[in-house]
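There are 2 protein chains.
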Amino acid sequence: MTEELLTNQNDYLEAGIHIATKSRSPGMKKFIYKVREDGLYLLDLKTIDDRIRAAAKMIGGYAPNEVVVTASRIYAIVPAQKFAELIGAKFIKGRVTPGIFTNPHREDFMEPKLILISDSRNEKQAIKEASKINMPIVALSDTDNSTKFIDLVIPVNNRGRRSLALVYFLLAREILKERGNTGEFNHTISDFEAKVEASTAPMEGREHRGFGGDRERRGGFGGDRERRGGFGGRERRPY
Amino acid sequence: MTEELLTNQNDYLEAGIHIATKSRSPGMKKFIYKVREDGLYLLDLKTIDDRIRAAAKMIGGYAPNEVVVTASRIYAIVPAQKFAELIGAKFIKGRVTPGIFTNPHREDFMEPKLILISDSRNEKQAIKEASKINMPIVALSDTDNSTKFIDLVIPVNNRGRRSLALVYFLLAREILKERGNTGEFNHTISDFEAKVEASTAPMEGREHRGFGGDRERRGGFGGDRERRGGFGGRERRPY
Chain B
-8 MTEELLTNQN
2 DYLEAGIHIA
12 TKSRSPGMKK
22 FIYKVREDGL
32 YLLDLKTIDD
42 RIRAAAKMIG
52 GYAPNEVVVT
62 ASRIYAIVPA
72 QKFAELIGAK
82 FIKGRVTPGI
92 FTNPHREDFM
102 EPKLILISDS
112 RNEKQAIKEA
122 SKINMPIVAL
132 SDTDNSTKFI
142 DLVIPVNNRG
152 RRSLALVYFL
162 LAREILKERG
172 NTGEFNHTIS
182 DFEAKVEAST
192 APMEGREHRG
202 FGGDRERRGG
212 FGGDRERRGG
222 FGGRERRPY
Chain V
-8 MTEELLTNQN
2 DYLEAGIHIA
12 TKSRSPGMKK
22 FIYKVREDGL
32 YLLDLKTIDD
42 RIRAAAKMIG
52 GYAPNEVVVT
62 ASRIYAIVPA
72 QKFAELIGAK
82 FIKGRVTPGI
92 FTNPHREDFM
102 EPKLILISDS
112 RNEKQAIKEA
122 SKINMPIVAL
132 SDTDNSTKFI
142 DLVIPVNNRG
152 RRSLALVYFL
162 LAREILKERG
172 NTGEFNHTIS
182 DFEAKVEAST
192 APMEGREHRG
202 FGGDRERRGG
212 FGGDRERRGG
222 FGGRERRPY
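For the protein sequence lines, the chains are B and V, in the order given. Here the numbering used here is used: the first residue of the first sequence is -8, the next is one more, and so on. Here the numbering used here is used: the first residue of the second sequence is -8, the next is one more, and so on.
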């Protein structure tokens, strides 16, 4: 009855993949395991694992170039781009503009069959464009994200640097497996990680102690500048 | 840019696969192509086709016995059972009782990884049980069905005898294809059809003229007795 996770439980916990936010949208309620005493919601690990599997099975069914991945924030852009490269998917960085999937006269027009969204709050326009043509939408969703228009939710900390690296690493590995790729997966999680630049990471040394814990100790400052905008004081730490 | 459908467009139209109801739930709005003058909503054929493909890709990624299919009404039971048999899935006929996926002491306990629902209104309990363990839920959904808890919606006339036969036929065929089954698919749509018994089908002769049109002419009576309960006077016909 017990079953292997896709990776060691500690890998999940150290990446803070399950550490969500203090807000909860109605559609995300069912993925929440508990509320930590400081008010942060924690996602259920087994469900995260199951959903990464489900998404990989779904995405793995499509031809590589039928899949498009979007990412707008730096911590998502790096892993999402690496992911797209490995599975042969199209990649859209930053804003999706109206018509990209519907106007054949545009230079960047494309006709994917499935879209993977890194952050449904920041990639609203991508969701809107995809839903115009009813394309199935898979999304990495944090507890404060709306699940409207999302077909398959991967509940996950979708703002953490290491969390995003781990999710995209696992998705890429599993999708290649689904496609019958029996070779070794010669990539590491750190290949998927956005590198923290010295200038924006005064406390870089702490990064390596574990993302969740690092966030907590950092108390709202450090290398995670981008994420902080609008979420000042939001803290995440492991159980 | 134009693309083949999974079956001839006429097959879809004659089975009335796109002919929905006069009600519309918020989640189903986006799948609606237009409202017919008599008030019936029509679903977009291309989207139906895309969604059957998407579901097949997703379901095809799971091992046969990791999938469970539910059906409660006769027009769904026959095709869903045939479908389950062909793809090797588990099948639940009628009511799902609490604990079936969570209580290992039950005789009928099972641990599927994905559930396919024939009718979200009639199989509410199945949805509830599946969502307790956050299992991905794929559902055949008519315009009046709630999409709450459903991960992947296959928008479709989920009460018509021929519509259900066609959907399950296509799903079975595509799933076997996804699994790499290169052999011939030696089954016909009528293998998936619930047979209309003479006693309940005074107007059987009309069945063969096309389901939609038959419904219209029948004006609320005929072999489709089961469906009528609570929907008296609901009529469907092709465009």
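Worth double-checking, as some hints may not be accurate.
Said to hold, decoys possible - If the Cβ cut is set under 8 Å, some of the chain V residues that face chain B in the computed set are:
1) Lys21
2) Phe22
3) Asp41
To be verified - The calculated lysine to aspartate or glutamate pairs, modelled on EDC-like cross-linking and capped at a C-alpha distance of 20 Å, are:
4) V:Lys84 x V:Glu102
5) V:Lys104 x B:Glu57
6) B:Lys21 x B:Asp2
7) V:Lys123 x B:Asp35
8) B:Lys104 x V:Asp35
9) B:Lys104 x V:Asp40
10) V:Lys37 x B:Glu57
11) B:Lys37 x V:Glu102
12) B:Lys21 x B:Asp35
13) B:Lys168 x B:Asp35
14) V:Lys104 x B:Glu(-5)
15) B:Lys37 x V:Asp40
16) V:Lys73 x V:Glu(-5)
17) B:Lys73 x B:Asp182
18) V:Lys186 x V:Glu(-5)
19) V:Lys104 x B:Asp40
20) B:Lys123 x V:Asp35
21) B:Lys123 x V:Asp40
22) B:Lys104 x V:Glu(-5)
23) B:Lys21 x V:Glu102
24) B:Lys139 x V:Asp135
25) B:Lys168 x V:Glu57
26) V:Lys81 x V:Glu102
In case anyone wonders, no lab produced these hints; they're calculated from the structure. For every residue, glycine included, the Cβ atom is placed at its ideal position computed from N, Cα and C.
Hints, one by one, checked against the model:
no.	hint	verdict
1	Lys21	holds (6 Å)
2	Phe22	holds (6 Å)
3	Asp41	holds (7 Å)
4	V:Lys84 x V:Glu102	holds (17 Å)
5	V:Lys104 x B:Glu57	violated (25 Å)
6	B:Lys21 x B:Asp2	violated (23 Å)
7	V:Lys123 x B:Asp35	holds (12 Å)
8	B:Lys104 x V:Asp35	holds (16 Å)
9	B:Lys104 x V:Asp40	holds (12 Å)
10	V:Lys37 x B:Glu57	holds (16 Å)
11	B:Lys37 x V:Glu102	holds (14 Å)
12	B:Lys21 x B:Asp35	holds (9 Å)
13	B:Lys168 x B:Asp35	violated (24 Å)
14	V:Lys104 x B:Glu(-5)	holds (14 Å)
15	B:Lys37 x V:Asp40	violated (32 Å)
16	V:Lys73 x V:Glu(-5)	violated (26 Å)
17	B:Lys73 x B:Asp182	holds (8 Å)
18	V:Lys186 x V:Glu(-5)	violated (30 Å)
19	V:Lys104 x B:Asp40	holds (12 Å)
20	B:Lys123 x V:Asp35	holds (12 Å)
21	B:Lys123 x V:Asp40	holds (16 Å)
22	B:Lys104 x V:Glu(-5)	holds (14 Å)
23	B:Lys21 x V:Glu102	holds (19 Å)
24	B:Lys139 x V:Asp135	holds (18 Å)
25	B:Lys168 x V:Glu57	holds (18 Å)
26	V:Lys81 x V:Glu102	holds (10 Å)
Comparing the model with each numbered hint stated earlier shows that hints 5, 6, 13, 15, 16 and 18 do not hold.
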